[in-house]
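Asker: Chains as they are written, first to last, in my numbering: chain U, 50 to 381; chain G, 50 to 381; chain S, 50 to 381.
Treat the hints as calculated values from the structure; they're not laboratory data. Wrong hints could be hidden among the right ones.
Which copy is meant is left open, so a pair is good if it fits within one copy or across any two.
In silico SDA-like links for lysine to any residue, alpha-carbon gap of 25 Å or less [to be verified]:
no., residue 1, residue 2
1, 334, 248
2, 334, 303
3, 356, 150
4, 356, 161
5, 340, 151
6, 376, 66
7, 99, 342
8, 300, 96
9, 356, 181
10, 356, 369
11, 340, 86
12, 97, 78
13, 334, 73
14, 340, 61
15, 249, 87
16, 300, 358
17, 300, 101
18, 376, 152
19, 356, 260
20, 300, 165
21, 334, 77
22, 376, 98
23, 97, 361
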Amino acid sequence: MKVSFTQAEVAAIVQPTRTEGSTTEVIRGIASLGSAQPGDITFLGNSKYKAAVAGTRATIILLPADYAGQPGPNQVFMVVDNPSAALARLCSRLERELWPRPRPGIHDSAVIAPDARVSTSATVGPLCVVEGGAVIGDHVHLQSAVFVGRGSVIGDDSWLMPGVVVQAECTLGRRVRLHPGVVIGSDGFGYELVAGRHEKVPQVGTVAVGDDVEIGANTTIDRSRFESTSIGEGTKIDNLVQVGHNVVIGKHCMICAQVGISGSVTIGHLTVGSGAMIAAKSGVKDDIPPKTSVWGSPSVPILLEQKLVILRNRLPELFKRVDALEKRVGKG
Amino acid sequence: MKVSFTQAEVAAIVQPTRTEGSTTEVIRGIASLGSAQPGDITFLGNSKYKAAVAGTRATIILLPADYAGQPGPNQVFMVVDNPSAALARLCSRLERELWPRPRPGIHDSAVIAPDARVSTSATVGPLCVVEGGAVIGDHVHLQSAVFVGRGSVIGDDSWLMPGVVVQAECTLGRRVRLHPGVVIGSDGFGYELVAGRHEKVPQVGTVAVGDDVEIGANTTIDRSRFESTSIGEGTKIDNLVQVGHNVVIGKHCMICAQVGISGSVTIGHLTVGSGAMIAAKSGVKDDIPPKTSVWGSPSVPILLEQKLVILRNRLPELFKRVDALEKRVGKG
Amino acid sequence: MKVSFTQAEVAAIVQPTRTEGSTTEVIRGIASLGSAQPGDITFLGNSKYKAAVAGTRATIILLPADYAGQPGPNQVFMVVDNPSAALARLCSRLERELWPRPRPGIHDSAVIAPDARVSTSATVGPLCVVEGGAVIGDHVHLQSAVFVGRGSVIGDDSWLMPGVVVQAECTLGRRVRLHPGVVIGSDGFGYELVAGRHEKVPQVGTVAVGDDVEIGANTTIDRSRFESTSIGEGTKIDNLVQVGHNVVIGKHCMICAQVGISGSVTIGHLTVGSGAMIAAKSGVKDDIPPKTSVWGSPSVPILLEQKLVILRNRLPELFKRVDALEKRVGKG
């Protein structure tokens, strides 16, 4: 990634409400306040790092309106409504260079079933497989070695990265982004114990992924026993997450890395309410109400888990205190 | 998946011991008691949902012998020995439509070493790689982009789904099912610290997977240092599980999602006894006796872990109680 | 793997300082003290298994200098400085047979962009994809179905196993080993909440992997928001590990299976100091000082976590003791 912006080009992108200082330096990199060098742009995204602004060697610093201070020589302060958002706009520009829009068309090495329907505006990269009856929407990008199983539907403007697997009869909405190695539609983990052997319970449901969902690398979403495992619109899932069969995740949830959400073992669904946040490495085995943040395994409300983590670390002290009490009053 | 069954067709599959009511409705879906609509079949799999039967809108309900109640108009109760098992038979029918038996043969795009042996009844899908000396048994299905390394053996009737990797010199039994992204035979994690650097301990053993084993998406099974990491007949492993080198797992175990089983760091094996159950997200670092259920990280017997989870959630109360005791009797 | 060594051949490899006994048996396998049979070689790697030496049926036993005892008939004791290291040398020999050096060249089925640079000494296996501007160094082995994205650089002598994905603009050092299914350069998990929706924060940084790094199967390393997520020279990472964006891992660290290292959510980096060890299943959300061992989720120093695990298991007892104290002195 080559970065190269003049002060004027940066200003055109971040639209500062006020600018102090000026520079002739060309901006060639983005860095944090502490590690920035001359030629870098940086930003104050969190007021707790305010003290680091005075010492930064960056050439341009994006600052909130309430920051008081003056730029050094050949340094520029650009005051913006939201420095993080302003930097994000700059990064969006870079993003378009990092991930240029691929040309529509099907690579010679891809294997497309005659009865699959691939939009003429879609890009099917090398070594992808699209099985019979599958539908690949407009402007979809199957990057490389993506597998789309029989009867599955990939919504418009979705991007499936290298090695993604969508098994048969699953549905993805529009603008879905699946990072490398994501598996959609593997079988739910369901068995009946019959005479000491685990007999497979067929998993003949499907997975339905809503619009604007993003799913991180090597995450797995199991198909349901019947009906659908479903991921609501706008929900974001991090890497190495496991979503079991029959789980219903609401809209605009955040699910951090290595979370596991158990499938329902009996009838019905496990439901994660819209707007819920599940912190990293949590194990979820019960419904989560909307707009709730949880953490831990098994997960509990995040404020409780934070307290429990602290108290657990104090167990050695607690045992000593109980020892001392028993010495004073006897063991009863 | 198109579902379409008449009442008579359902009866032929589930074999009810008694039927009450009748319907002319065609069954087009399977749903839970609560979400079923007219045209759906549902079932009472767990007596704790008994109260939901009276209110369900399903057209056919599979019920156990001890259920007391009458169907509504145009609704059918079918009494069966085991409603879950009866539904499973229905689902098995659907399963055969979801996963039709593939035609034998090797796809043009597959890369097969001249000295690999592939049964004429096997199906090798697009973009699979089978290296030299590998053996692909009768009726095996390598679905798509499966890698079978040098000298590995895939037993009859096994199904390896898209993106599965079996590294060199591993052995799979018959009727093994590997979900997308499973890795068999990656190196065990073994190093010796020599002068501040980690020097690799060669991992020249193998992995042996027994008959009727099913392994979930993106699970990893490391080859052993020497001898074999082994997974016993009939064992079922969920998604994103890690099995370290030299682990020996018995027969008919259940290992839920995101479990990690440590490899032995010294000589010998870590052994999971036959019939053991390891609950989701557990971390196993010691042997597990046969027919034992464990949970937690590090794992302990499941009943103990259930108790510990409850007591941990009560730590805030316990700290307050000890505070109060100290106030009464002094801190000693 | 066929193993076949005479006593003299073993001695030539392990270089014993002293040998007792002799055998005409050919060594055909490596096994642990307890499971070894005649024809096997074994070793005493940890003095706590000393008692097992007398009973082993192995033909050759590698022993430390301080072992007192005599071999049985047709049995050989070879005294070496470090039995584990001696066995490792033997295994290195086997390793060269298990993983023979592949012939340089590009497989016909690989898809290489015209402006990628692939060393003539590199091996690019079947169904690999190398995008434009990527550089594949000397003696690199892309085993099968490996994806190397635009502008990425793979250092000399590196080995990327089947199904590895290196997204655009990432850099790998020399002698890097990536096990099957590793994903390098997936997007960091960064969003801003705007009007109830999660708006993506572009992730335009990269991943830099140092020399001699080994990364386990299905592990994921996210690219940073800007600058680099970096993995220091000589660091070893096990299977199913998640490394978030902007994480900086030092040199010669050990990171065991299923660890998660959170990305920084604001400015700056999360830093894991050189020589640190992170035990299996840990969740890391704060910096780790150099040469520190941590465990747990959230992780704490390993000795503390070991103590906390024991004390947590004693919670039932502690609750009873507090009940008894309250009975004696009242609840306050």
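Asker: Confirm or reject each hint.
Answerer: A quick look at each hint next to the structure:
Taking identical chains as interchangeable, the C-alpha atoms of residue 334 and residue 248 lie at most 25 Å apart only when both belong to the same chain, with a minimum of 23 Å there against 28 Å between chains. In the homo-oligomer, the alpha carbons of residue 334 and residue 303 lie at most 25 Å apart both inside one protomer (17 Å) and across protomers (17 Å), since each shortest distance falls under that limit. In this assembly of identical chains, residue 356 and residue 150 lie within 25 Å of each other by CA distance neither inside one copy nor across copies; the values are 47 Å within and 54 Å between. For a Cα distance limit of 25 Å, the shortest separation of residue 356 from residue 161 qualifies neither inside one copy, at 54 Å, nor across copies, at 54 Å.
Neither within a single protomer nor between protomers do residue 340 and residue 151 lie at most 25 Å apart by alpha-carbon distance, with minima of 37 Å and 45 Å respectively. With identical chains, the CA atoms of residue 376 and residue 66 are never at most 25 Å apart, being 68 Å at best within one copy and 58 Å at best between copies. Taking CA atoms no more than 25 Å apart as the test, residue 99 paired with residue 342 passes in neither setting, with 28 Å inside one copy and 32 Å between copies. Taking the shortest alpha-carbon separations for residue 300 and residue 96, neither the intra-copy value of 30 Å nor the inter-copy value of 32 Å comes in at or below 25 Å.
In this assembly of identical chains, residue 356 and residue 181 lie within 25 Å of each other by CA distance neither inside one copy nor across copies; the values are 53 Å within and 51 Å between. For the homomeric pair residue 356 and residue 369, the shortest alpha-carbon distances inside one copy (20 Å) and between copies (13 Å) are both at most 25 Å. In this assembly of identical chains, residue 340 and residue 86 lie within 25 Å of each other by CA distance neither inside one copy nor across copies; the values are 41 Å within and 29 Å between. In this homomeric assembly, residue 97 and residue 78 come within 25 Å of each other (Cα to Cα) only inside a single copy, at 23 Å, whereas the closest approach across copies is 56 Å.
Taking the closest pair of Cα atoms, residue 334 and residue 73 never come within 25 Å of each other, the shortest separation being 57 Å inside a single copy and 39 Å across copies. Taking CA atoms no more than 25 Å apart as the test, residue 340 paired with residue 61 passes in neither setting, with 37 Å inside one copy and 47 Å between copies. In this homomeric assembly, residue 249 and residue 87 never come within 25 Å of each other (Cα to Cα): the closest approach is 62 Å inside a single copy and 28 Å across copies. Within a single copy, residue 300 and residue 358 get their C-alpha atoms no closer than 29 Å, and across copies no closer than 30 Å, so neither meets the 25 Å cut-off.
In this homomeric assembly, residue 300 and residue 101 never come within 25 Å of each other (Cα to Cα): the closest approach is 38 Å inside a single copy and 27 Å across copies. In this assembly of identical chains, the alpha carbons of residue 376 and residue 152 never lie at most 25 Å apart, being 78 Å within a copy and 74 Å across copies at closest. Proximity of residue 356 to residue 260 under the C-alpha cut-off of 25 Å is found in neither arrangement, the shortest distances being 36 Å within a copy and 41 Å between copies. Taking the closest pair of Cα atoms, residue 300 and residue 165 never come within 25 Å of each other, the shortest separation being 30 Å inside a single copy and 42 Å across copies.
When the C-alpha separation of residue 334 and residue 77 is checked against a cutoff of 25 Å, the pair qualifies neither within a copy, at 48 Å, nor between copies, at 30 Å. For a Cα distance limit of 25 Å, the shortest separation of residue 376 from residue 98 qualifies neither inside one copy, at 48 Å, nor across copies, at 41 Å. With identical chains, the CA atoms of residue 97 and residue 361 are never at most 25 Å apart, being 28 Å at best within one copy and 33 Å at best between copies.
Figure legend: structure checked against the earlier numbered hints; hints not met, in rising order: 3, 4, 5, 6, 7, 8, 9, 11, 13, 14, 15, 16, 17, 18, 19, 20, 21, 22 and 23.
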